[in-house]
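Asks: Produce the complete structure using the sequences and hints provided.
There are 4 protein chains.
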Amino acid sequence: MKVGFIGLGRMGQAIAGNILSGGHELVVYNRTRSKADDLEQKGARVADSVGDACKGRDVVFTMLTDDAALHEVLAGGLLENLPKGAIHAPMGTHSVAALGEVEAKHKEAGQVLVAIPVLGRPDAAAAAQLGLVAGGPADAIAKLEPILKIVGRRTFDAGRNPAGASAVKLANNMVLGCAIEAMAEGFALTRKFGVEPQVFNDVLTEGLFSAPSYKAYGAIIVKQSYDQVGFTTRLGLKDANLALAAGQAASVPLPSLNVYRDSLLDAVAHGEGDMDWAVMARVKARASGIE
Amino acid sequence: MKVGFIGLGRMGQAIAGNILSGGHELVVYNRTRSKADDLEQKGARVADSVGDACKGRDVVFTMLTDDAALHEVLAGGLLENLPKGAIHAPMGTHSVAALGEVEAKHKEAGQVLVAIPVLGRPDAAAAAQLGLVAGGPADAIAKLEPILKIVGRRTFDAGRNPAGASAVKLANNMVLGCAIEAMAEGFALTRKFGVEPQVFNDVLTEGLFSAPSYKAYGAIIVKQSYDQVGFTTRLGLKDANLALAAGQAASVPLPSLNVYRDSLLDAVAHGEGDMDWAVMARVKARASGIE
Amino acid sequence: MKVGFIGLGRMGQAIAGNILSGGHELVVYNRTRSKADDLEQKGARVADSVGDACKGRDVVFTMLTDDAALHEVLAGGLLENLPKGAIHAPMGTHSVAALGEVEAKHKEAGQVLVAIPVLGRPDAAAAAQLGLVAGGPADAIAKLEPILKIVGRRTFDAGRNPAGASAVKLANNMVLGCAIEAMAEGFALTRKFGVEPQVFNDVLTEGLFSAPSYKAYGAIIVKQSYDQVGFTTRLGLKDANLALAAGQAASVPLPSLNVYRDSLLDAVAHGEGDMDWAVMARVKARASGIE
Amino acid sequence: MKVGFIGLGRMGQAIAGNILSGGHELVVYNRTRSKADDLEQKGARVADSVGDACKGRDVVFTMLTDDAALHEVLAGGLLENLPKGAIHAPMGTHSVAALGEVEAKHKEAGQVLVAIPVLGRPDAAAAAQLGLVAGGPADAIAKLEPILKIVGRRTFDAGRNPAGASAVKLANNMVLGCAIEAMAEGFALTRKFGVEPQVFNDVLTEGLFSAPSYKAYGAIIVKQSYDQVGFTTRLGLKDANLALAAGQAASVPLPSLNVYRDSLLDAVAHGEGDMDWAVMARVKARASGIE
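Protein chains in written order, with this note's numbering: chain U, 1 to 291; chain P, 1 to 291; chain D, 1 to 291; chain B, 1 to 291.
It should be emphasised that the hints constitute simulated quantities derived from the structure, not laboratory data.
It is possible that part of the hints are untrue.
[To be verified] With a straight-line Cα cutoff of 25 Å, these simulated DSS-like cross-link-like pairs (lysine-lysine) come out:
| # | chain 1 | residue 1 | chain 2 | residue 2 |
| --- | --- | --- | --- | --- |
| 1 | B | Lys-55 | B | Lys-42 |
| 2 | D | Lys-238 | P | Lys-238 |
| 3 | P | Lys-215 | U | Lys-215 |
| 4 | P | Lys-55 | P | Lys-105 |
| 5 | B | Lys-238 | U | Lys-238 |
| 6 | U | Lys-143 | U | Lys-105 |
| 7 | B | Lys-215 | D | Lys-215 |
| 8 | B | Lys-223 | B | Lys-143 |
On a predicted model such as this, the values are computed, not experimentally measured, just so you know.
Replies: If you want it as structure tokens, here you go:
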């Protein structure tokens with residue numbers, strides 16, 4: 001297939017690299033051109049504009065940091081140059097509102113939107129082990145499957161509404177935020193009764209919660225290593241706000257989300273915005289008068 | 001060792017059976033005598049009173065449904081008949097307040113309290129795969145270890161405060177309640193965007209949340225099989241109240257607990273008190289206007 | 001009427017004094033006898049036991065600090081000595097559960113329970129300006145009305161269930177706790193934008209919230225005079241727990257109560273348990289990184 | 001003073017009318033011209049564009065429904081035509097973010113921003129009884145005072161940051177939302193114990209909460225007259241979101257706001273979005289299984 005790829009941060013480069021390795025004809029674009037160098041060496045053509053990366057393509061993937069960047073790329077050549085019938089597949093984490101607007105514009109232009117937010121970090125992307133959540137027309141998703149197969153470990157079908165894919169991604173993050181908050185409250189409670197954090201962590205992660213999420217975040221909390229950042233408080237807050245906005249759009253109260261969002265705000269208010277969002281545990285300790 | 005065991009519900013029978021198989025001299029007691037029949041056949045002596053089950057014992061385990069039963073057994077012969085220096089090890093889920101009172105009484109009587117709440121259900125007890133959370137004097141726990149080894153898969157040391165063991169048990173349950181609530185909110189949100197519950201469940205349980213808790217409860221929610229009860233809403237509420245009381249005793253705010261506790265109250269208010277507590281997902285659907 | 005009065009704290013003395021002034025034949029009892037001296041001088045007979053204060057009375061009022069004291073007085077002579085058909089009217093703030101138990105015992109003994117928790121502080125009691133919330137049989141309340149008239153400014157009929165009177169009293173306190181929490185959040189928010197607390201206070205109390213509650217607590221928050229205690233954090237927490245228990249008994253989620261209850265716990269955790277409960281404003285400032 | 005006024009809804013017309021009566025030279029503008037007819041008859045000049053309403057003015061007031069309208073008016077002639085040193089005073093309820101952006105633009109253009117959100121409804125505006133919350137340079141506020149005096153009952157000085165005025169307005173609304181939620185929970189709780197809603201309402205509004213807000217909303221809840229709409233659920237939600245965004249901008253957790261915001265979402269999910277926001281009481285009744 002003729003593939004375009006716009007947005008070459010760490011995630012974008014890794015995914016585009018896999019598409020290339022899979023034998024697809026790839027044109028890439030990034031505002032800072034140098035980030036395309038590696039892919040160029042491996043055989044990708046580097047476009048000199050957004051439009052150039054879209055012309056004649058069967059599909060264009062975008063991996064952008066936020067809604068503003070998505071709107072900018074759309075207006076900056078994507079909408080105008082993507083062929084009729086071709087697919088635009090945004091892989092970033094976008095608001096359900098933005099996807100709704102983008103979907104409407106593509107429909108008007110005779111193009112197709114398939115939202116495909118990804119689950120996993122850059123290392124998973126490099127290893128082609130991403131989870132892919134696809135929302136959009138079934139035939140379009142089917143058409144993309146050969147590429148998705150070489151990019152991720154599995155494609156989850158989120159239904160015919162692109163915004164549904166975003167809802168899944170955001171809800172998955174929300175469940176994680178809630179888990180960290182719950183652990184944080186549990187650590188505060190047990191510490192107050194003299195329990196070693198490591199012990200409570202063992203109880204959780206060797207039993208009901210023997211999952212990667214609890215293991216990773218439990219370890220951070222026990223070590224209080226909030227400075228070794230996997231995902232910052234600010235990013236957690238950004239995603240929480242996107243989930244909140246999705247809840248607003250669909251009239252769904254999300255009380256557990258509110259709780260951990262408040263912890264993140266408390267953290268930011270205490271200068272912990274750039275620490276790992278597991279710092280919620282420190283917020284809960286603070287509210288309990290620990291330390 | 002000379003062991004007493006009081007409280008022969010399903011859990012109690014399974015644990016006492018393992019102690020017996022391990023070669024310890026066992027005296028058992030249960031208010032309804034018939035529940036002791038199996039153990040008697042296997043070689044246990046059946047005491048005719050609480051006091052009789054405590055006299056001359058090195059340790060007496062109790063597995064009782066609540067604080068009231070614990071206080072009753074204590075006043076009904078345990079305190080009076082347990083030898084000085086012997087250990088009382090309650091394995092039920094008790095309030096931190098009750099354990100504090102019981103501890104004080106044992107101290108006064110020259111006896112030792114080691115709280116050992118268990119993690120796992122009757123099948124795990126039968127298979128000697130319980131998690132054991134022990135709180136109390138280190139030497140007393142060490143003394144019990146030969147028995148604990150044949151009863152569970154691992155003993156977690158919750159520290160020198162018996163109430164700490166209870167805090168760990170309650171916090172573990174709380175983290176579970178929070179996880180179900182978070183899933184419930186996630187299912188409501190994604191359903192509103194047309195996502196199949198099974199898909200959201202797959203995303204959770206194949207990724208960050210590939211743990212027994214999420215798998216078990218995700219499956220119930222997808223099937224809406226709230227009538228096949230593992231753990232009722234009312235029991236969830238009872239444990240939530242114990243955790244809340246622990247938070248009160250130690251001045252620890254538990255906002256996530258409040259959220260799922262409110263869901264459980266909503267469920268009870270709708271006649272769902274005897275359903276599995278995963279019915280929280282129905283509560284969240286209801287709040288979102290689904291169905 | 002022949003009236004008994006048990007419990008002569010500041011509230012009790014003031015109310016009993018008004019009953020006496022109203023021309024009723026009064027027998028009083030208090031564990032610490034000296035608190036009855038003033039009333040004795042004014043013409044009350046001082047009983048030498050709970051039972052003595054109940055014998056031959058048409059009605060016995062109790063003004064006790066908590067459920068434990070109520071149960072103690074009941075078992076310590078009240079139940080045994082109050083004549084059949086006579087009324088027991090507890091005026092303290094009791095749990096709905098305790099009132100239910102007490103009601104059942106009185107029924108069995110052929111006596112009548114009318115719960116009459118009071119609204120107002122000792123100065124209002126002295127001025128006969130209390131609000132009285134009465135729950136129980138209509139004819140019994142009517143029979144008491146001549147006395148209630150000289151004790152308070154108005155009797156509110158909470159219905160035929162004594163626990164209903166308690167629910168009203170607790171809900172009234174809950175609405176107050178929520179108001180303080182809301183103000184506290186509002187002060188934190190506006191302070192962060194450079195607004196003088198006095199100004200936000202003026203906006204509230206000269207407009208939509210020109211009520212005694214907002215004026216009193218707004219002034220405390222502006223002055224940060226949490227050491228001049230009207231009602232302590234601990235007492236606020238005690239009443240919050242009673243309201244929570246009422247919600248539990250009736251299956252009513254109370255999310256706003258949870259929020260301010262957590263603020264009170266946070267305050268206690270920071271050594272502010274004996275300050276005025278308006279210290280919630282400091283808790284919210286702390287969570288926002290102010291100071 | 002030479003005054004411009006843009007945005008002639010019910011509030012705008014009433015305020016502009018008072019400015020005119022006060023003897024100021026007034027130019028008005030509204031997208032739908034007919035709304036300016038009354039003011040024209042009374043002596044105002046009707047501008048034919050936003051720019052025309054700003055040229056040569058000492059101050060231009062805007063009373064617009066939301067941030068989008070504000071940005072539109074700014075870009076559509078206000079910024080370009082308002083004289084250097086002149087004042088722009090937006091009176092609508094705007095986000096702190098929007099006010100920050102607008103302030104920056106005015107600074108660059110040598111103009112002055114004074115945010116003056118108003119407290120009160122159209123009838124209060126007509127009677128010149130609005131509360132005015134002013135945020136911006138002290139000298140600019142002083143300069144406007146002669147006009148503010150004839151428009152409202154009092155000007156509250158929210159400090160030098162225009163966003164502070166918005167924070168006060170939003171926090172005032174937030175405190176109101178919290179009060180309604182608290183009442184709603186209280187009504188649900190007391191109803192479950194058989195208490196007549198009118199009685200609980202009397203207790204609140206004759207005692208601690210004898211304020212316009214509680215009286216107005218208590219009456220609506222007692223009558224369940226949610227169809228006689230003063231302020232819709234949707235508008236309540238819009239303002240709650242603005243307060244939430246202010247909390248986000250300033251890192252202030254607002255847990256009580258979250259609670260009533262969730263009630264509003266629940267209401268919208270049940271088709272109650274266009275009812276009076278006191279319908280929160282129905283949401284709480286629903287969660288408690290009432291009706």
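Asks: State the violated hints by number, sorted upward, taking the hints as numbered earlier in the document.
Replies: Hint 8 alone not satisfied by this model.
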